[in-house]
Structures are given as C-alpha cells and as structure tokens.
Amino acid sequence: MSTDTSLMYGWETLPWRKLERSVFKLQKRTYRAARRGDTKAVRQLQRLLCKSRAAKLLAVRRVTQDNRGKNTAGVDGVKTVPPAERLEMADTLTLKAKASPVRRVYIPKPGTDERRPLGIPTMRDRATQTLVKLALEPEWEAKFEPNSYGFRPGRSCWDAIQAIFLSFHRKPKYVLDADIAKCFDRINHEELLKKVGASPTLRRQLRAWLKAGYLDGDQLFPTEAGTPQGGTASPLLANIALHGLETFIRERFPERKGRRKGEYQAPPNVIRYADDFVVLHEKREVVEECQRLISEWLKPMGLELKPSKTRITHTLEAVNGTPGFDFLGFTIRLFPCGRNNSVRDAHSRATGFSPAIKPSKASVRRHVCRLREIIDRHRGSPQEALIAELNPVIRGWCSYHAAGVSSRTFQRIGHTLFRMLFAWARRRHAKKGKRWVARKYWRLAEGYGWEFRPAGSEYKLYKHEFTPIVRHVKVQGDRSPFDGDWVYWSSRQGRYPGVMPWLAILLKRQAGKCRYCGLYFRDGDVMEVDHMIPKSAGGPRALRNLQLLHGHCHDRKSAEDRRGMHDKHPIPEERNEGEPSRSVLEPSRGGDTPA
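Here the sequence shown is numbered in our numbering, starting from 1288 and rising by one per residue.
Keep in mind the hints are simulated off the structure, nothing from the lab.
Quantities reported herein were computed from a predicted structural model and do not represent experimental measurements.
Every residue gets a Cβ at the ideal spot worked out from N, C-alpha and C, and that includes glycine.
Among the hints, erroneous ones may be present.
What the hints assert, rightly or not - Calculated lysine-lysine pairs in the BS3-like style (CA-CA distance at most 25 Å, straight line):
1) LYS1420 with LYS1498
2) LYS1458 with LYS1544
3) LYS1312 with LYS1469
4) LYS1596 with LYS1570
5) LYS1383 with LYS1327
6) LYS1498 with LYS1469
7) LYS1420 with LYS1383
8) LYS1747 with LYS1822
9) LYS1312 with LYS1430
10) LYS1645 with LYS1596
11) LYS1750 with LYS1718
12) LYS1385 with LYS1544
13) LYS1327 with LYS1481
14) LYS1458 with LYS1420
15) LYS1420 with LYS1482
16) LYS1469 with LYS1458
Stated by the list, open to error - Quick list of the computed label-pair ranges, beta carbon to beta carbon:
17) PHE1622 with VAL1680: 28 to 36 Å
18) LEU1453 with GLU1583: 54 to 62 Å
19) THR1399 with TYR1749: 26 to 34 Å
20) GLU1583 with PRO1302: 27 to 35 Å
21) LYS1593 with ASP1765: 39 to 47 Å
22) VAL1655 with TRP1789: 24 to 32 Å
23) LYS1469 with SER1845: 41 to 49 Å
Please model the entire structure based on the sequences and the hints provided.
Put into structure tokens, the structure is as follows:
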C-alpha cells in the first residue's frame, strides 16, 4: 500500500460531517421503506449504500480508528492500519463474494471451565462486514420484535431486565428460563440466508463469510454451520436467525377475553437477549407447551435448547429448586411479605409479596474472586498501584448492578473487601499492630468513614456502597435510532445506570453532542473525555475544563494540539437557546434529510 504523506493528511481532513449525513440519510430512508413494506425501495437503497464512498470511509474508520479494544490480528497478521493506508482500503472496498478464513482464538467462559471460541476476521473483512451491516441493520431494525434487546442499537441488558420486571411484578408467574446450546456455532447457513432475504450480491457475500472456514493453529477447518463470533456482522445475523420467536408464541396463545373471572388469559411474555430468553405466564401448562413449541421452532435453524440451562420455575413459590431465576447477572423473584408489615408499596401490602431484582450469587462470587486475585497479585505493590487496578473493576461491576435492589449487596461486598485489604496490609507488616497498620493505609474522612488511600494523597479506593441506585427506564416499544428522533435518543444517553454522574453532567451540558463535530452521540459511539486546555499547558482538572468528544474527534484534536493548530479547527461553542442546531443527525422539519 502507498505511504504518501498526503494520504495521511487527506484522511484527517475529510468532511466527516457530510459523510455521516449522507450515510444516515440512506439508512433512515431504508428504515422507513422497511416499515411500510416497500421491499423494492429497500433493495435499491441498500445497493446505493454499499456503493457509497461515504459508507466505505465510515466502515473503515469504525474498524481501524474507533475500535478501542485490544489489537487482534486475523490470518494476515495485520493489527493496525495507518491513516496513509485507510483511504486506499476504502477505495478498494467492494463486495466480491470472497472472504479470508478467520483465526480461531479461545476465551474463558465466566463461571465454567469451558472456553468460548472466537473467529477473528482480517481487517479488510471487518471493514466489509461493517459496510454490509450499515446496509442491513436499518431494514431489520424496522422488523425486529419489541422484546428483543441483545446486540441492537439503543437497547441494553437493563431494558431486558426492566421488561421482565414489568411483566411479573403485579402477579406471580411460572417462568421458562431457557438457553440455546451453542447458538452461534450451529446456525444452519441455508436457512439463515433464506431468512435474511437479501439481494443476490449481499447473499453471495454473506455466504462467502459463512463458508470461509477457520484457522486453528496451523490447520484450516471448514465451517459447515454457525456464524463466527468476533465479526462485526455476527450479532446481527444471530438476531435475524432468532427473529420471530416472540410472534410465533403470541400467535399460538392469543389474548383471550371474557367477562367472567378467570376467563381472561393474557399471552405469554417472551423477553430475549441474544440467545438467552425467558417465557413468563401464570399457568404452568402454558409454559410447558411453550417449551415444546420453541424446541420445534428452533429445529429448522439447526438449534436446540440446552437441557442443563433450561428449567421451569416460579417467581414466588419453590418449583424445581429455589423461587425465581437468574438472568443477565441478576436474580429475579418475588419475596413474600406479611400483609400487615410496614412495606412502602401499597400493592405489596395488599398482595402479600414484593418484587426484587438483585445481583445474583454467581455474579457476586465472580466479582469477589476477581478482587481477591487482584489483591493477591499486588502483594508487594505500592498502595497507589493496587487502588488503580481495583477502582475500574469496582466501578464497572457496581454501575452494571445499580439498576437493581443492590444496596445491601454493595454493603456486604464492601465489608468483604475491607477484610481482604486489611489482611493484605497486615501481611506486609507482620510485626506491627492493627492500629499501626490502620493508621498507615486508612484515613478517617468526616462523613465517609475510613478511606483506603495513601498519606498525603487524594487518590482513594472507590467504595461499593457509594454507588447510587438508578432505576432504568425501558426503551419505548419498537423505537429505533434510525427513526431520527435524536432528542429522545440523546436524552437517554445520560440516564443509563452505567453512566457516571460526571459523565451525565457533561452529556447534559453538551445537549448530547460532541463539541468537536457537533453530531449527536449515538449508541455504540466511543466517547472520550478531553481537556479543553491541555494539562501540559496548565489546564485544571476541574469539570469546567472537561468536554466529551467522539474517539476519532479526540484523536484529531490531540494531533492538532501537538501541531499547534487551534486556530485552524476551533472547538464549537455551546448552542444558545433558540439557535438552530448544528447537528447533522437532528431530524428535519419535513422529508427524510436531517437538518
């Protein structure tokens, strides 16, 4: 590939706002055409998008620049693509119905001794898959069922948990807690391609990826079934393969109305997150019949339920074990309570039970084991190094479980962590007393108790119990980011349980937009914190000096800071009230083109 320096600066100065606008316009039109059932228009728009240079440039940027994960090479050994070579990759990106084999790697499976296989495509195949995903995703976002939440833009595991809560908190129900055995590895290729129903060009390219094989060590193996985990298009294809399950169950058990008591029967609630799903209904025979029907529905796709992870339980009573069930790291159940007990909810006093969603015992056990491993690994490390590695783990785990009834769990884990840290400190000073050890590693802060932090430093250990509980608001029905309602979607960015308070403040202050390019932050975008006045220039670390930027915008601004180009590319100021929006993704007053 060429290494001309003009190509490098050409990549940095591309009109990314116009490119985003062009691609989003096609995606929004595709979404609307799919909603009204105009298949011909959908195919035409998908063909335009796959040939669009703007879409190719954005696809290359996502896999070469926005991907902040660990650099992992495919069979070609390429880990990174310099800016000088990205333009050439985008210009030669076409759907040739060819694909390179994926490189097989294995990662540990949480809670088991098994290892999950991943297939790592080459960098060019990742960019091509991203291009195809840009074309296919708007069409299927218009078709996907409302209670499908896994690996979809604008939806999260908290939405699935909240959907389960809304379906059982008023009445005890039987639950089919099911898991599909090796879903990604057993999907039938022909049935999947038939279900996708794409144009011949896209279908040939999808078939090439599915049949490319995988390289395990030095040996090449064919792929007769399954979609390789690790590709950008794999989650979308898995969702397409499982699409229709909720509709199938609701058609078999339609809503039945009646005037007399007991004649009304609601359809079963089916909530799915990727290959994990639950079915809830107040009658056990209905749940058992759903299990049989789902097993038959999965057979044509080459899938089956995993017996060891599929069971029928009850949200209140002990059926086949303990009451309730575990889903996505939470334990979901109803707790009995006396009718005369002092409970806050009037419904709980009237019915005799109270719903609760707490961190599961398995999730707590894994978290404590990870904390213990970190502490054991830092037996001789300075206190600052131990805090630096513990804080991200604690914040991440607590932020994920902050949507449930987790306060008491946080307190118990905090006490367990304190005992582990005290044992760590005592081991380092075996000949010193407890009081001496406590004074060396802990500080007494007014109103906060003991803080694990070094003397003369403000860098302290984050406590589990300081995490605020945030009730998550479920996404509305079948809403999708491709509908163009960016006021709704940008307002949700700062309300997720995993968003730190300071991050929510920045999002609100910036109206959900990146201050560099003026575009709204979308689900899946890399957001990075930038110092408006660099620290090297004496900029303070206060919140007033921070701003949120896209990952690629942050890279560009950092390069300009190093070259002293502040005057050439000034940071956009905040929009005053009544001033027209600068975002190219904000919906216009009429038509399909964003303002």
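Unsatisfied constraints (hint numbers, rising): 3, 11, 12, 14, 16, 18, 20, 21
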